[in-house]
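**Q** For reference, the chains in residue letters:
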Amino acid sequence: MNAREIPSAIRNGETTAKEVLETHLKAIQNREEEIHAFNLVMEEEARNEAERIDALAAKGEDPGPLTGIPIAIKDNICTQGVPTTCSSKILDGWRPPYDATIIERLRDAGAVIVGKTNLDEFAMGASTENSAFGPTRNPLDTTRVPGGSSGGSAAAVAAGFAPLAIGSDTGGSIRQPAALCGVVGVKPTYGRVSRYGLVAFASSLDQIGPFAETVADAALLLEVISGHDPLDTTSIPEPPLDLSTALTQGVEGLRIGVIDELSGGAIEGISDDVLGCLEDAVQALTSAGAIVERTSVPSTVYGLSAYYVIAPAEASSNLARYDGVRFGPRVDAKTTSEMMVATRTAGFGDEVKRRIMLGTYALSAGYYDAYYGKSQKVRTLIMNDFANAYKKYDLLLSPTAPTTAFPLGDKTEDPLQMYLQDICTISSNLAGHPAMSVPFGKGTDGLPVGIQVLASAMDEHTMFRAGAVLEASNQGKS
Amino acid sequence: MNERISRDDVAHVARLACLSLTDDELDSFTSQLADILEHAADLDALELEEIEPTAHPLPLANVLRDDEPGAVADREAFLASAPQVENNQFKVPPALGDPS
Numbered sequence: 001m002n003a004r005e006i007p008s009a010i011r012n013g014e015t016t017a018k019e020v021l022e023t024h025l026k027a028i029q030n031r032e033e034e035i036h037a038f039n040l041v042m043e044e045e046a047r048n049e050a051e052r053i054d055a056l057a058a059k060g061e062d063p064g065p066l067t068g069i070p071i072a073i074k075d076n077i078c079t080q081g082v083p084t085t086c087s088s089k090i091l092d093g094w095r096p097p098y099d100a101t102i103i104e105r106l107r108d109a110g111a112v113i114v115g116k117t118n119l120d121e122f123a124m125g126a127s128t129e130n131s132a133f134g135p136t137r138n139p140l141d142t143t144r145v146p147g148g149s150s151g152g153s154a155a156a157v158a159a160g161f162a163p164l165a166i167g168s169d170t171g172g173s174i175r176q177p178a179a180l181c182g183v184v185g186v187k188p189t190y191g192r193v194s195r196y197g198l199v200a201f202a203s204s205l206d207q208i209g210p211f212a213e214t215v216a217d218a219a220l221l222l223e224v225i226s227g228h229d230p231l232d233t234t235s236i237p238e239p240p241l242d243l244s245t246a247l248t249q250g251v252e253g254l255r256i257g258v259i260d261e262l263s264g265g266a267i268e269g270i271s272d273d274v275l276g277c278l279e280d281a282v283q284a285l286t287s288a289g290a291i292v293e294r295t296s297v298p299s300t301v302y303g304l305s306a307y308y309v310i311a312p313a314e315a316s317s318n319l320a321r322y323d324g325v326r327f328g329p330r331v332d333a334k335t336t337s338e339m340m341v342a343t344r345t346a347g348f349g350d351e352v353k354r355r356i357m358l359g360t361y362a363l364s365a366g367y368y369d370a371y372y373g374k375s376q377k378v379r380t381l382i383m384n385d386f387a388n389a390y391k392k393y394d395l396l397l398s399p400t401a402p403t404t405a406f407p408l409g410d411k412t413e414d415p416l417q418m419y420l421q422d423i424c425t426i427s428s429n430l431a432g433h434p435a436m437s438v439p440f441g442k443g444t445d446g447l448p449v450g451i452q453v454l455a456s457a458m459d460e461h462t463m464f465r466a467g468a469v470l471e472a473s474n475q476g477k478s
Numbered sequence: 001m002n003e004r005i006s007r008d009d010v011a012h013v014a015r016l017a018c019l020s021l022t023d024d025e026l027d028s029f030t031s032q033l034a035d036i037l038e039h040a041a042d043l044d045a046l047e048l049e050e051i052e053p054t055a056h057p058l059p060l061a062n063v064l065r066d067d068e069p070g071a072v073a074d075r076e077a078f079l080a081s082a083p084q085v086e087n088n089q090f091k092v093p094p095a096l097g098d099p100s
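Line by line, the protein sequences are chains A and B.
No gaps in the numbering here: position 218 of the first sequence is 218 in this note's numbering, and each next residue is one more.
No gaps in the numbering here: position 33 of the second sequence is 33 in this note's numbering, and each next residue is one more.
In case anyone wonders, no lab produced these hints; they're calculated from the structure.
Among the clues, some could well be false.
Stated by the list, open to error - Lysine to aspartate or glutamate pairs mimicking DMTMM-like chemistry, simulated, CA-CA at most 20 Å apart:
{"id": "1", "chain 1": "A", "residue 1": "Lys442", "chain 2": "A", "residue 2": "Asp272"}
{"id": "2", "chain 1": "A", "residue 1": "Lys89", "chain 2": "A", "residue 2": "Asp350"}
{"id": "3", "chain 1": "A", "residue 1": "Lys26", "chain 2": "A", "residue 2": "Glu213"}
{"id": "4", "chain 1": "A", "residue 1": "Lys391", "chain 2": "A", "residue 2": "Asp260"}
{"id": "5", "chain 1": "B", "residue 1": "Lys91", "chain 2": "B", "residue 2": "Glu76"}
{"id": "6", "chain 1": "A", "residue 1": "Lys442", "chain 2": "A", "residue 2": "Glu471"}
{"id": "7", "chain 1": "A", "residue 1": "Lys411", "chain 2": "B", "residue 2": "Asp44"}
{"id": "8", "chain 1": "A", "residue 1": "Lys411", "chain 2": "B", "residue 2": "Glu25"}
{"id": "9", "chain 1": "A", "residue 1": "Lys89", "chain 2": "B", "residue 2": "Glu25"}
{"id": "10", "chain 1": "A", "residue 1": "Lys477", "chain 2": "A", "residue 2": "Asp445"}
{"id": "11", "chain 1": "B", "residue 1": "Lys91", "chain 2": "A", "residue 2": "Asp332"}
{"id": "12", "chain 1": "A", "residue 1": "Lys59", "chain 2": "A", "residue 2": "Asp92"}
{"id": "13", "chain 1": "A", "residue 1": "Lys411", "chain 2": "A", "residue 2": "Asp350"}
{"id": "14", "chain 1": "A", "residue 1": "Lys442", "chain 2": "A", "residue 2": "Asp280"}
{"id": "15", "chain 1": "A", "residue 1": "Lys334", "chain 2": "B", "residue 2": "Glu52"}
{"id": "16", "chain 1": "A", "residue 1": "Lys377", "chain 2": "B", "residue 2": "Glu47"}
{"id": "17", "chain 1": "A", "residue 1": "Lys377", "chain 2": "B", "residue 2": "Asp27"}
{"id": "18", "chain 1": "A", "residue 1": "Lys89", "chain 2": "A", "residue 2": "Glu338"}
{"id": "19", "chain 1": "A", "residue 1": "Lys411", "chain 2": "B", "residue 2": "Glu49"}
{"id": "20", "chain 1": "A", "residue 1": "Lys377", "chain 2": "B", "residue 2": "Glu50"}
{"id": "21", "chain 1": "A", "residue 1": "Lys89", "chain 2": "A", "residue 2": "Asp369"}
{"id": "22", "chain 1": "A", "residue 1": "Lys377", "chain 2": "B", "residue 2": "Asp44"}
{"id": "23", "chain 1": "B", "residue 1": "Lys91", "chain 2": "A", "residue 2": "Asp445"}
{"id": "24", "chain 1": "A", "residue 1": "Lys377", "chain 2": "B", "residue 2": "Glu76"}
{"id": "25", "chain 1": "A", "residue 1": "Lys392", "chain 2": "A", "residue 2": "Glu293"}
{"id": "26", "chain 1": "A", "residue 1": "Lys377", "chain 2": "B", "residue 2": "Glu52"}
{"id": "27", "chain 1": "A", "residue 1": "Lys391", "chain 2": "A", "residue 2": "Asp332"}
{"id": "28", "chain 1": "A", "residue 1": "Lys18", "chain 2": "A", "residue 2": "Glu51"}
{"id": "29", "chain 1": "A", "residue 1": "Lys442", "chain 2": "A", "residue 2": "Asp141"}
{"id": "30", "chain 1": "A", "residue 1": "Lys391", "chain 2": "A", "residue 2": "Asp445"}
{"id": "31", "chain 1": "A", "residue 1": "Lys411", "chain 2": "B", "residue 2": "Glu76"}
{"id": "32", "chain 1": "A", "residue 1": "Lys377", "chain 2": "B", "residue 2": "Glu38"}
Claimed, not checked - Listed next, the stretches of chain A that the computed footprint assigns to chain B, with coverage defined by at least 3 CB atoms under 8 Å from CB atoms of chain B:
{"id": "33", "region": "121–135"}
{"id": "34", "region": "233–241"}
{"id": "35", "region": "279–293"}
{"id": "36", "region": "326–336"}
{"id": "37", "region": "340–347"}
For each residue, glycine too, the CB sits at the ideal point set by N, CA and C.
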């Protein structure tokens, strides 16, 4: 059953929230040991919530648009009284004293939270191998990574543990794992979804978004979590999205530009498999009536370099708060400053230390202009190039990730190779624009490929039109 | 190893970031950070003199809400998260003077 079929089936009495939940808990029981999608399965809380929803439905009340749908939450989103670790030892045992805004919205909509999913520590990575609690495996091939950093959420949906999941995307952390696990993943416009209660990594880039098995399910979830929140000063003062008409509208007459630089042009390393699927996606959109042509967005070539200065710079500041004073474990020492060094050294993993140091260096006296200042200017170039492209095109298109899912351990020794996984996705974060990954075709290894649909700020509606057409065409093929 | 960042630079940055590194870690981080900074050197080719920097994707302005009393943080809940507490305050080891 798709996520969007669950609420009406419960309201009609065809099933119950309890029954739906037990089916998913059973799936978790069968395969979680092998996959490790979760840091925590919230069996008891989920059962209580399902009972509450069934009681409401039995009284003829509507528990909301997500009635009884099980959902998995990335473990960098605060849940009151429930451990929130960011897959880091430095938050081991911490129980947030408040809920993130989206957690309240999900509960108010009748969703049933089944657990907190694994991630690369503090969302820094592209394979979920940087988790302090061990890697997540790709449910489609357990010798491969699920992508990252929201690998646990992507794997939870791909393995049938939950039909919906929440992730966060700072440089591709929703879209790339969605591509590698063969599910739909959406990074909304910056500010579309409240970040209140999302543990900060790079505040000018972070955005929460949905994972789902289908484009329609992703739309349903995004509608619920979007909309203004006074608790997040960067929240856009707009009502929640209504994407219902986008799903059936088609792409007739839409102008779509394929970003040449990311599609076999200037940037190397995009596999032939992936480029083949992109060609098929272009054909599918053309057949559906869109006008598709190659176009240049030149500064996307520089996105990776700018991102790997800006994101660590913001992270080095955001992660200064983990000092053993107010929350998390402490390593005792004679003085406060020794205690802080000991706590941070024991609590952070290598990738987090690497990025904190990279960001600290890029912001330090003598290097600020050469790295951070320059990267901020490149960010302007990228925004200008996108603005030019959207004068001519309604949407842009590219691969989501350079390759299909790669083997565990493949890139852990070479951070730069891992960073290159984000090459197609990070420009949308730098610009603050929405983008989504839709499964389209498979590589010669039989693993799924994701196609990325990019839209201008606030235009999720047009993006979902193309997403729905790609999905329908992909299902027609298989 | 290239010259983008030296071992001494990395040691200095680690101190600024309140991290302690072993000798082996210093070696590996130096080489990895140098690789990353070397990749970022492709930006050197760009003509950026006339370009304004962007710090944020949105045109941010200060947001003020109405000054009305609402729910406040629960002191007990926040103190319960801390490793050490005394008299309703966070407690840390000595910050000044000789710790003996």
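**Q** Name the hints, by number, that the structure is in violation of.
**A** Violated hints: 7, 12, 15, 17, 19, 21, 23, 24, 27, 30, 31, 33, 35; rest satisfied.
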